[in-house]
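**Student:** Now for the letters of each chain:
Number of protein chains: 2
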Amino acid sequence: MPESGPPGPSIPGQRSLPSGAAPEVPTPAVPGLPITAAAFGLEAVLHPTTAPPPPVTGTPPATPAEPVFQRVLGGPTGLGTNSLSLAGSSTGTAPSPPVAVAESAAPPLPEAAPEAVPESASGVERVLGGPTGLGTASLSLARTAHRPPPESVPAPPAPAPPAEGQAVPGLYHHPIPEPDPLRVEEVSRRIKRWAEDEVQLYPEEWEGQFDGFSVGRYMVGCHPDAPTVDHLMIATRLMVAENAVDDCYCEDHGGSPVGLGGRLLLAHTALDPLHTTPEYAPAWLESLGSDPPRRAYRSAMDYFTAMASPSQVDRYRHDMARLHLGYLAEAAWAETDHVPEVWEYLAMRQFNNFRPCPTITDTIGGYELPADLHARPEMQRVIALAGNATTIVNDLYSYTKELAGPGRHLNLPVVIAEREKLSERDAYLKAVEVHNDLMHAFEAAAAELAAACPLPPVVRFLKGVATWVDGNHDWHRTNTFRYSLPAFW
Amino acid sequence: MPESGPPGPSIPGQRSLPSGAAPEVPTPAVPGLPITAAAFGLEAVLHPTTAPPPPVTGTPPATPAEPVFQRVLGGPTGLGTNSLSLAGSSTGTAPSPPVAVAESAAPPLPEAAPEAVPESASGVERVLGGPTGLGTASLSLARTAHRPPPESVPAPPAPAPPAEGQAVPGLYHHPIPEPDPLRVEEVSRRIKRWAEDEVQLYPEEWEGQFDGFSVGRYMVGCHPDAPTVDHLMIATRLMVAENAVDDCYCEDHGGSPVGLGGRLLLAHTALDPLHTTPEYAPAWLESLGSDPPRRAYRSAMDYFTAMASPSQVDRYRHDMARLHLGYLAEAAWAETDHVPEVWEYLAMRQFNNFRPCPTITDTIGGYELPADLHARPEMQRVIALAGNATTIVNDLYSYTKELAGPGRHLNLPVVIAEREKLSERDAYLKAVEVHNDLMHAFEAAAAELAAACPLPPVVRFLKGVATWVDGNHDWHRTNTFRYSLPAFW
Numbered sequence: 000m001p002e003s004g005p006p007g008p009s010i011p012g013q014r015s016l017p018s019g020a021a022p023e024v025p026t027p028a029v030p031g032l033p034i035t036a037a038a039f040g041l042e043a044v045l046h047p048t049t050a051p052p053p054p055v056t057g058t059p060p061a062t063p064a065e066p067v068f069q070r071v072l073g074g075p076t077g078l079g080t081n082s083l084s085l086a087g088s089s090t091g092t093a094p095s096p097p098v099a100v101a102e103s104a105a106p107p108l109p110e111a112a113p114e115a116v117p118e119s120a121s122g123v124e125r126v127l128g129g130p131t132g133l134g135t136a137s138l139s140l141a142r143t144a145h146r147p148p149p150e151s152v153p154a155p156p157a158p159a160p161p162a163e164g165q166a167v168p169g170l171y172h173h174p175i176p177e178p179d180p181l182r183v184e185e186v187s188r189r190i191k192r193w194a195e196d197e198v199q200l201y202p203e204e205w206e207g208q209f210d211g212f213s214v215g216r217y218m219v220g221c222h223p224d225a226p227t228v229d230h231l232m233i234a235t236r237l238m239v240a241e242n243a244v245d246d247c248y249c250e251d252h253g254g255s256p257v258g259l260g261g262r263l264l265l266a267h268t269a270l271d272p273l274h275t276t277p278e279y280a281p282a283w284l285e286s287l288g289s290d291p292p293r294r295a296y297r298s299a300m301d302y303f304t305a306m307a308s309p310s311q312v313d314r315y316r317h318d319m320a321r322l323h324l325g326y327l328a329e330a331a332w333a334e335t336d337h338v339p340e341v342w343e344y345l346a347m348r349q350f351n352n353f354r355p356c357p358t359i360t361d362t363i364g365g366y367e368l369p370a371d372l373h374a375r376p377e378m379q380r381v382i383a384l385a386g387n388a389t390t391i392v393n394d395l396y397s398y399t400k401e402l403a404g405p406g407r408h409l410n411l412p413v414v415i416a417e418r419e420k421l422s423e424r425d426a427y428l429k430a431v432e433v434h435n436d437l438m439h440a441f442e443a444a445a446a447e448l449a450a451a452c453p454l455p456p457v458v459r460f461l462k463g464v465a466t467w468v469d470g471n472h473d474w475h476r477t478n479t480f481r482y483s484l485p486a487f488w
Numbered sequence: 000m001p002e003s004g005p006p007g008p009s010i011p012g013q014r015s016l017p018s019g020a021a022p023e024v025p026t027p028a029v030p031g032l033p034i035t036a037a038a039f040g041l042e043a044v045l046h047p048t049t050a051p052p053p054p055v056t057g058t059p060p061a062t063p064a065e066p067v068f069q070r071v072l073g074g075p076t077g078l079g080t081n082s083l084s085l086a087g088s089s090t091g092t093a094p095s096p097p098v099a100v101a102e103s104a105a106p107p108l109p110e111a112a113p114e115a116v117p118e119s120a121s122g123v124e125r126v127l128g129g130p131t132g133l134g135t136a137s138l139s140l141a142r143t144a145h146r147p148p149p150e151s152v153p154a155p156p157a158p159a160p161p162a163e164g165q166a167v168p169g170l171y172h173h174p175i176p177e178p179d180p181l182r183v184e185e186v187s188r189r190i191k192r193w194a195e196d197e198v199q200l201y202p203e204e205w206e207g208q209f210d211g212f213s214v215g216r217y218m219v220g221c222h223p224d225a226p227t228v229d230h231l232m233i234a235t236r237l238m239v240a241e242n243a244v245d246d247c248y249c250e251d252h253g254g255s256p257v258g259l260g261g262r263l264l265l266a267h268t269a270l271d272p273l274h275t276t277p278e279y280a281p282a283w284l285e286s287l288g289s290d291p292p293r294r295a296y297r298s299a300m301d302y303f304t305a306m307a308s309p310s311q312v313d314r315y316r317h318d319m320a321r322l323h324l325g326y327l328a329e330a331a332w333a334e335t336d337h338v339p340e341v342w343e344y345l346a347m348r349q350f351n352n353f354r355p356c357p358t359i360t361d362t363i364g365g366y367e368l369p370a371d372l373h374a375r376p377e378m379q380r381v382i383a384l385a386g387n388a389t390t391i392v393n394d395l396y397s398y399t400k401e402l403a404g405p406g407r408h409l410n411l412p413v414v415i416a417e418r419e420k421l422s423e424r425d426a427y428l429k430a431v432e433v434h435n436d437l438m439h440a441f442e443a444a445a446a447e448l449a450a451a452c453p454l455p456p457v458v459r460f461l462k463g464v465a466t467w468v469d470g471n472h473d474w475h476r477t478n479t480f481r482y483s484l485p486a487f488w
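Which chain is which? The protein sequence lines are X and L, in order.
Numbered per numbering that gives the first Met the number 0, the first sequence spans residues 0 to 488.
Numbered per numbering that gives the first Met the number 0, the second sequence spans residues 0 to 488.
Be aware that a few hints might be false.
A pair counts as met if it fits within one copy or between any two copies, since identical chains are not told apart.
[Unchecked claim] Capping the alpha-carbon separation at 25 Å, the derived lysine to aspartate or glutamate pairs in DMTMM-like fashion look like this:
hint : residue 1 : residue 2
1    : LYS400    : GLU206
2    : LYS420    : GLU334
3    : LYS191    : GLU285
4    : LYS420    : GLU278
5    : LYS191    : ASP301
6    : LYS429    : GLU340
7    : LYS191    : GLU423
8    : LYS420    : GLU197
9    : LYS429    : GLU278
10   : LYS420    : GLU285
11   : LYS429    : GLU285
It is worth saying that the hints were derived from the structure and are not from the lab.
Sequences and hints are given; from them, build the entire structure.
**Tutor:** Written out as structure tokens, the structure reads:
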């Protein structure tokens, strides 16, 4: 199945920008009251500040020991309002003045300099009147990084050139600043120690592949607002564990569609535990340590559960159940040699999807999107569209790799070519347009929701998802060892 | 796979008790403040009342038009506290004086008369000091039905003998009163009209099987606290739709494990909609009407979504993703002719499970268990244990039917016999003990949670789950046409 987080080489010799990334949550005039202009960052645009952001400290979720009724009946002092205080603490991290943002339909450039706003301005830009909206979170963060630091901070090195690797021509996306190299180095060091010492993830001969995954760069780029490296490690362990299950159960490293349903369900119990009798519980518990994928799921989930609220954990479990359903649909089609209709493939890819990664952005950011807001249909639509756009990015960048692999590997260009009788080139270019349509729909839906519900946790979550989408694209773009674009231009 | 809601004959000629079933939510001394004794019904036991319950009117969930921040920041006046007012409105529906409750290890009797408290008193009884706790919801409801009505209400007919059908000897369970015959008749009439006129669920020749399912009796027995028949219809449509998907995709009516992953995922999009581009959305939408299972899922979900809160809908979607993962694990084992270890089978059955049915008890009851309380690990454990116990009930009652079917059909006695080298009889009797252990664990965990968090919506939800477990057992017990017990006693 399409690889949802493939190994790739780390990019050597990168010089990077200082990390100034911090959440850009507007400050309500009266804390706790809804805000409008501020929610869109317009207030900050009108009054830009050069003050550095104070450190963001995420409030940990309540422990089970805390009386439940206090959390439920206590009004807006509970978990769901963490981000109010976070918003208040990030006053200085205002978005920068408007600059051009998108690269839609532009030829690939060696550097990610701002370019002309395309004809097809994103929904966010249409609604928010400029590139200060949700869809441009990553660029705002980039500009934040360019901001002159205060006296007390050592002068940053000159801005580094972006990592090598070209974007798919015509792909609508937003460039991001180089991920903070200090955080990348620390996350990379810690995740390797976790993989080798805590979960024995791979045999020695796979070490190079693990390093090439460069998951540290990936996660630092997707979560620039993480208050600490510990927060980044939550996302990094889960990403590694998800890829271990995909590789070892489904794909490259011994995976197979045959019997996959049984293997995935047993692995899923590392996320959604079995509750059974004392006679049978020990064998189940022992099974969680019986192979690398389950050891990785269990350990990553234990760390996540310790930092997230129960509702955030339940959200993640649901997204992982969706992912496993998607794996199993794809496996069923592989077993029966069925080439789905394009809409069927897109439906499968809404489940076999990056969704579990962006939807933990609030946990990694140290705040919580309240469960009742996450569940609203408008938010569910935004999340689904973001996940779909970013998953098609994977199809486009891994296209030539998957063509070179054994057998027919379904991805959007392949399915379009077969079902709509298009040439490989025309099918690929149509897949790019499908991606762009999904991105514009995502940004428009996010802007509409922010306008309808300008609560700080909602606006910050929407921005966090948009930032994850941008970081994921950049990670694919820069994996030049693993990915090469087809010669269609 | 084990049939999770099989057709069965309706029981003719039943005389029934008047419906007195109403939620037994204690009244807080000070509304909005936590309560303890009242939460356990002890207060009511000390001061039993014979006043009839006022009609329970469920507060509909907020519409999307309601400003989100009001719901989130408004403190304990939102959806999550509906049940506080419901609690206040059900003052009269106090539990009855203590009577014996369980039938554990008792020989089957033709009538469900109260019997001696068994040695193995349930966790609830241990914690609550008598049969007034959660696990005895159904009996309390039974006693409520026996209560002499006030002058203004016509005298009820004499108590009817219980429906035919004997319980599995030694099975720990709680009897229930005969479901309200007027509600059963109305639900049965409406569900047939829905199946035939709205979703064209079955060809004419299957009408007898549909009638034999007696889903009206099933759902009225499981949801005695539903404020209206409209609420009961929500549960009834979903139950019928779940069985249509199982029968037509997985089992008896054209189902197969081959390619099941693709079929189930596309059906799942009727519950968890696809968000894609204008070019491909219409074909997906059209697919939802393309076969009976998808028509049933879509229509039942539309009705449910109109009555439930977004968080309740998200909870149901998650439980249905679990169910579909369970189907796919069982299908994978069937395809590879794998007989799982007993613990593996129990893990699969925690997913291929009745869970989606009891967890909508609050929607059907017209209130909401707040999402943050539903997500707590203690509540997740209670729900999982209840679902596991009630699912093993299905294995036990369908044992001889599945033995008679073609091929080997996995169920708990069969797996125990093969994996633990026991005789069919000893394996069946061990499966009964596994069920009883799960029931006792469920009741103990529910009592602990009620003691730790005696909020009316929590206590009512826990009682609603217990009532569903009892109603599900009674439905299996009374399906004498479909089920027959093995000759092991």
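**Student:** Now tell me, hint by hint, if it's right for this structure.
**Tutor:** Here is what the structure says about each hint:
1. LYS400 with GLU206: Within one copy, since 21 Å is at most 25 Å while 53 Å is not.
2. LYS420 with GLU334: within (23 Å within a copy, 34 Å between copies)
3. LYS191 with GLU285: within (24 Å within a copy, 48 Å between copies)
4. LYS420 with GLU278: Between copies only: 16 Å across, 57 Å inside.
5. LYS191 with ASP301: within (18 Å within a copy, 47 Å between copies)
6. LYS429 with GLU340: within (15 Å within a copy, 48 Å between copies)
7. LYS191 with GLU423: Neither way: LYS191 and GLU423 sit 39 Å apart in one copy and 50 Å across, limit 25 Å.
8. LYS420 with GLU197: neither (50 Å within a copy, 37 Å between copies)
9. LYS429 with GLU278: Between. Shortest inter-copy distance 12 Å satisfies the 25 Å Cα cut-off; intra-copy 56 Å does not.
10. LYS420 with GLU285: between (51 Å within a copy, 22 Å between copies)
11. LYS429 with GLU285: between (48 Å within a copy, 23 Å between copies)
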